[in-house]
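Just so you know, the sequences run in chain order A and B.
Heads up, the first sequence is in this note's numbering, so the first residue is 5 and it goes up one at a time.
Heads up, the second sequence is in this note's numbering, so the first residue is 926 and it goes up one at a time.
For the record, the hints were derived by calculation from the structure and aren't laboratory data.
Not everything, but these chain A residues come out facing chain B in the computed CB check (under 10 Å):
#1 Q10
#2 Y36
#3 Q46
#4 L48
#5 Q110
Ideal placement from N, C-alpha and C gives every residue a C-beta, glycine not left out.
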Amino acid sequence: AQSVTQLDSQVPVFEEAPVELRCNYSSSVSVYLFWYVQYPNQGLQLLLKYLSGSTLVKGINGFEAEFNKSQTSFHLRKPSVHISDTAEYFCAVSWDQGAQKLVFGQGTRLTINP
Amino acid sequence: GAVVSQHPSWVICKSGTSVKIECRSLDFQATTMFWYRQFPKQSLMLMATSNEGSKATYEQGVEKDKFLINHASLTLSTLTVTSAHPEDSSFYICSAGVAGSYNEQFFGPGTRLTVL
Chain A
5 AQSVTQLDSQ VPVFEEAPVE LRCNYSSSVS VYLFWYVQYP NQGLQLLLKY
55 LSGSTLVKGI NGFEAEFNKS QTSFHLRKPS VHISDTAEYF CAVSWDQGAQ
105 KLVFGQGTRL TINP
Chain B
926 GAVVSQHPSW VICKSGTSVK IECRSLDFQA TTMFWYRQFP KQSLMLMATS
976 NEGSKATYEQ GVEKDKFLIN HASLTLSTLT VTSAHPEDSS FYICSAGVAG
1026 SYNEQFFGPG TRLTVL
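Okay, chain A solo, but in the shape it has when bound (with noise of 0.2 Å):
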């Protein structure tokens, strides 16, 4: 069965410092990749996606990602994080184009020190 893995469960980082929050799949066939932030106690919101083309795909809030399709990977980048970053983040990889489903990583939780 298709898998997500989301490497890390909670990422501690100070503000203004870089930050990576790493994401795996377990198949490159034809697939449709997303991130999304999920505030506490709200729905989710899309950060970005890639869907064909650029493998380096750019999103709202300064967010960013690389498709990496020979690892497998998505991992989401910010350069310079900010307070208002701290929330629960989700990877989420579509394969089956017929049925749109969307298979979630476990999440990872960045928290921000000031």
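Place chain B on chain A using the hints.
Here is chain B on its own, set in the frame of chain A:
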């Protein structure tokens, strides 16, 4: 664009009662809607997928008679938790997708259900 709403945002009910949660796509027509359940500090668990006018497809382990899903129109899907028990307390999130949109899903704000 692509806004999804849920109602109510939170609900408290007594054990044994039924609760209905609505999910609406406000500015687009959703060919497919999804219902997820999220426990504290955990990821989203897909419960079921529904297409307008047809029966929902439930994931393995999800009781279809307990979690009734109706997708009556291209902008509305409802989840009814029947005979709710405390173990059904959770955060329920819906999402909506559009055919041909690279499987992107647009998420609602979620509904917090507490069963006493």
